[in-house]
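J.: These protein sequence lines map, in sequence, to chains A, B and C.
Taken in order, the first sequence gives residues 1 to 536; the numbers are from this note's numbering.
Taken in order, the second sequence gives residues 1001 to 1402; the numbers are from this note's numbering.
Taken in order, the third sequence gives residues 2001 to 2524; the numbers are from this note's numbering.
Everything labelled a hint here was simulated from the structure, so no lab data went into it.
From a predicted model like this one, the values you see are computed outputs, not experimental measurements.
Ideal Cβ positions, reconstructed from N, Cα and C, are used throughout, including at glycine.
Honestly, I wouldn't trust all of these hints.
[Said to hold, decoys possible] Derived CB-CB ranges, DEER-like: (1) A:52 / B:1264: 45 to 51 Å; (2) C:2427 / A:379: 23 to 29 Å; (3) A:321 / C:2090: 55 to 61 Å; (4) B:1297 / C:2032: 30 to 36 Å.
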Amino acid sequence: MPAAGRRRHDVIVVGAGHNGLVAACYLARAGLDVLVLEQNDYVGGAAVSRRLYRDFTYSNCSYVCSLLRPEIMRTLELPRFGLQIIPYEGGCTMMRDGGHLALYDNHDALRREIARHSQRDAEAYTRFSRDVLRQCKFIKPLLLHEPPDPTSFRPRDIRELLYLGQRLYRVGEQRMYDTIRFWTMSAADFLDEYFDTEIVKAHFAGSSIIGTALGPRSPGSAYVLLHHYMGDIDETVGAWGFARGGMGAVSGALAASLAASGGAVRTGAPVAQILVRNGRARGVALASGEELEASTVISNLDIKRTFLDAVAPEHLPEEFLTAVRRFKIRGSSGKLNIALDGLPTFPAIPAGSPCIRGDLHITDSIAMMERAYDDWKDGRWSAAPYVDMLIPSQIDPTMAPDGKHYMSVFVQYCPYRLAAGPWTDARRQEFGATVIDAIARQSPDFKSLILHAEIRTPWDIENEVGLTEGNIFQGELTMDQLLFNRPVPGYAQYRTPVRSLYLSGSCTHPGGGVMGAPGANAARRVLADLGRGALQ
Amino acid sequence: MRAEPLPLHHFRKPLLETPFDARTRALQQNDQFVAWAGYTTVDVFTSVEQEYFAIRNAVTLYDLTPMVKYRVSGPDAERYLNRLVTRDVRRLKVGRVSYVVWCNDSGHIIDDGTVFRFGAQDFRVCTAERQLDWFSDSALGFDVEIEEVTEAIAALAVQGPTSCCVLKRFGLSGIERLKPFELGEFVVRGRPLLASRTGFTGDLGYELWMRPADALTAWDELMAAGQSRGIRAIGSQALNLARIEAGFLLPNVDFVSAEHTVRVGRDRSPLELGLGWLVDFDKPHFNGRRALLAERQRGPRRQLVGLDVGGNKPAHHALLYADAGGRREVGSVTSAAWSPTCKRNIALAMVEAPCFAPGHAVWADIYLNRELVWERRMVRAQVVERPFFAPERRRLTPPADR
Amino acid sequence: MSAAAPSSPHDVIVIGAGHNGLVCAATLARAGRSVLVLEAAERVGGLAVTREFAPGFRVSAGAHLLHQMPAALIAELGLPEHGLRLAGRALPSTALSEDGRPLALGERAALDACSAADARAWPAFEARLGRFAGLLQGLLALPPPRLGTASWSDRRALGTLALRLRLLGRRDMREFLRIIGMNAYDLLDDEFGTPLLKGALGLDAVLGTNFGPRAPGTVLTLLYRLAATRAAGSAALAQPVGGMGAVSEALANAARHAGATIRTGAAVKRIEVSNDRASGVVLESGETLGARRVISNADARTTFLRLLGPEHLDTGFVRRVDHYRSRGLAAKFHLALERAPVFTGVGRHALGGRLLVAPSLDYVERAWNHSKYGEWSRAPALEITVPTLNDPALAPAGRHVLSAIVQYAPYAPEGGWAGERAGFAAAIRAVLEAHAPGIGALILAEELLTPADLEREFGATGGHWHHGELAFDQFYMVRPVPGAAQHQTPVAGLYLCGASCHPGGGVMGIAGRNAARRVLAEAA
């Protein structure tokens, strides 16, 4: 405990999630005295590797590393601090009738694979990836940009607005319309413009629903699809990868980078309150009662937890509080982490196919996913869920003992609130059984290989990680909550109504995924406000 | 359960083998293969130089099977193709072939290829890349059937000054009467075979189209027939050298298909590529017509030209400048080669206005690797007429025997 | 007239005498153009018609209320002088409830009885949405600009848009930019607690769209409806005497009066093109008619793919037209009743207005769920009118007509409508019975018009009465498709004037008027 008494930090970051750590790293590198406070006994928030069962390492929340901005990895020297990212070899969608569609890196193998289902779709895939890539190219430079406030007349905002307009303008008339349509369409309609075959559409629709309370037929879901594609690994846009050692390797490298820059992290230190005096944040009070002072406080918690729990309402305008209450953070995803006694077999996947080392999905059609969404709307977990599985131990030997495997199972949809009543252990087991049964229908030996299964509902994720409703993006990625609307209009620039209190979590632009951009953008805003100049 | 197992070996062996694979693989000496439209093909058999000179001096065999082939048939086939490509397909007679390009709405090239006319309602379109997506979408509203027949047809290019003579000896009697861009149907020892007087070398030459089952026999018989005339198999590199001399364009090298470009401003129109002669504004509407009309009025902003480059080092990928100091960039080289036949250092380049006219001088920024040390040369280059090499024999009917 | 040599070419041929075609024709004729309107049916009006569905019983076959045609347009064309009379205007809307306690919408006292909090929140909400609708109203009135052109009029239009947005003031502008992409479900849920209120507003947001209230973009469609209603002014939620056909008749009279010729029973087979310019039309009869300009009131798909033909268009454009979504989702249900129905708790005044069956947002959302899978809603949402209450002449003395818009009905249910029709009708009757017990016993005749029926009868592709889904990606400058969003088409001399154009469907007439103005501006 601080013997020095009332030492005043330059910056306190509340929450050692990846964005909080990214922000802290940048600020520590700029020479500020930074302290990160974390409620859990481990850092990382939702980017963690945990040993919950013997020698198995679970990436028990986020499980794929694709969005982390290369600029951040490089500036913060994450590879030097142990981060290694290995790209996927492909992926596969399994149908309930025993058929499958695999995705291969090799262009020709992929074309012939899609052509098994439809030759035309195989060729339309080229147009599809071109169009997705065009949109990625348009969006990517915006990720590490602070969104302008369109209602403001400040030169900076007008300049940024012009930048945005120019970027749009430069693509030419037809592509501008394409962009407008793309940002507002449903994934189902978007995919209909390319593909005929249900399985092909369903495969690509998968990423349009992951983590979101939208169905593939909801307008705006095409953007979510893109959101999952806009990462790049070693210049391959849209590539997904594993972090060697699990997702905790990302947080671990960030924490090491922070330590090397002189920043500090205190785990097991839950913040009870952000202290405000005269409209200015002056520090935090821990649950233990201890108070810590800082000139700047950055909250990496989502906006609801920050302003509905940690800041006393008297410091906040009522209108802002209303906007915070109306911010949509919806739990829609569940997660199973499973220790396996061996590699399960999937008869749908041909022997020797490398796609088993990629992401494995179970779905047949957009309609099946849409029905899964209907269940969620009615407060039930999906009877036939969309499942995104991964067995990283096939590639990363650190994840499980030799011959054994760790399987990450992401499940869409699972509600935060059940219509039937509160989440109980029995209901959690029932939810887990639904998912395990769905997998077992694809893999006859799967059940017999299960050594241990951790079942996580949105309710569990909220309780453990602190994400409101267990929403993986800290807020829905819908048009009303993107760009200058994220998290709430008027406060999209990482500042808050409380002076020297900033937000750095995924609830800010450009949103969720282990991207780090919100943290970096928040750090840039803080440095600018402190007159410390530009981001390194 | 499915009736028969689906072919699932593509993830182990993504590339297909052509029906000539057994022969080409046996003849090649360098293990230099290249993937082409989903097939494995030989890049270099023995040496590029020897293979190249066989094209210009003797006769060569080139495995053309990966060329993507579509059968286009039905009552609206002519109307469909006429809307698809920029040339007037109505004027293409039965038994003839036409070189064509097709554009998107904005008048930018999607691909080039050849159209074969077999009958009033029966065509074949050969393309560099797969086109089913665009061709199918273009078929909306037309009574036409489009079927990819790439795997059903084995194709072989027989090119070089002695090609006609060798084909006669092979059994194509009357082949000498085939005029450029004409088709002829033959039966060789009971095996049907289609020959077209077409090619990608700018020299005398033919392309043979046959059943895959007949491929190896045809290869062997051709090799035997050509033995005394210096026949040899050639790979893609030698062909590439010949096609640059002939001034032919290669997709993904000299232009990128407008269906593939991601960046703004990378699309190319036929007017920009110097293919304005392929655009027939007097025929009924075709894809891109309105945009091309507007472009013709405006005048193209850039143009593909032939360059005669100083020195003898090919100007691969060189940036072009208006001045020797390299201050104003005016374009870049898309294809470059030392032409062994013309004894000139030639290149195809995309240049901005107003560098189009023959005689206009630009400067090429050439990087040379000399024993691992890179050197930079600013070399003067002059815009010249294409093609660089166009021998009379390519047009002569009947062709000479040697 | 001879088929070979078109005689007396007109300045303009308008294909289709729907309300937009008629507005367009009347506007052009008033400006001195010689106009010929060609209508395939034996009567004018397209989907805005009144027809006999049972002996002595007449009903508006498509839309059954007039509430989106701008008052200014009605005045401009002098429709009252040409026979348009209203049997009722500013009709009340009532949200029906099975428990017999319906909610009169827009009445503070009624809402107060449900929820004091909602009643307090209502005025500010209504005023704010009104201001936003005012902004959209300006947007609806004019054709959209093109993006990225060098044209000053396009830039001015975009600038005006930005300025109007700014003029909302910072607070409103922020709120507008936030909610415009939102779903109606969340917006209403954030503001109100009363399920009946939310359900009814939610239904208004999705009427005519292929979405449930949870779909992002439904705030736009709600505002769109409010904006059109505002523009309609005194003619909002009005019932024309003689049904919607009377509006069409008045429009036709106005057009004829101005000198336009209207030929019914004259189905256009194709649009003629010479020298890359529309030069006239050929009728199904083989007759050829020449004109300097051809304006199509048909939907985009019909116009481009059937009447014009893809051979005159580029593949990319055709691809976009082909992907333009226009599958209908709303059915019409008509009942001939022995006497006036009694809806539980609904008085005489309310019965003469709009009755909404949308007891909650979830009810509407669940109704939509079915349509996603090509099924009809097991418990459909309804907008009901009893037009005979205001206009008894529509039925024999003492008898009544019930007209309901029913959502959601797929265009092509699995197995086809033949096998599904009876089940769907029964489901609708069951919903009616629940709200008007005993109504089943009053039924003398009934008619169900599915989207497939509407397509067959009125020619609208997919039976979609907005001539294409109203969604962000088919709205404003991308409606119906880029390249045809400003009434012009890729073919010179050919224009669109129907609901495929901005601002879309509803008996509004704006698209027709704007198309006419575009033609006049070009010719000038």
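J.: Would you mind marking each hint as holding or not holding in the structure?
T.: To see whether the hints hold, each was checked on the structure:
1. The supplied range of 45 to 51 Å is met by residue 52 (chain A) and residue 1264 (chain B), whose beta-carbon atoms lie about 50 Å from each other.
2. A C-beta distance of roughly 24 Å is found between residue 2427 (chain C) and residue 379 (chain A), which places it inside the suggested range of 23 to 29 Å.
3. Distance hint check for residue 321 (chain A) and residue 2090 (chain C): the Cβ-Cβ separation is about 38 Å, which falls outside the suggested range of 55 to 61 Å.
4. The hint said 30 to 36 Å for the Cβ distance between residue 1297 (chain B) and residue 2032 (chain C), and at roughly 33 Å that hint holds.
Checked against the numbered hints above, the structure breaks only hint 3 and satisfies the rest.
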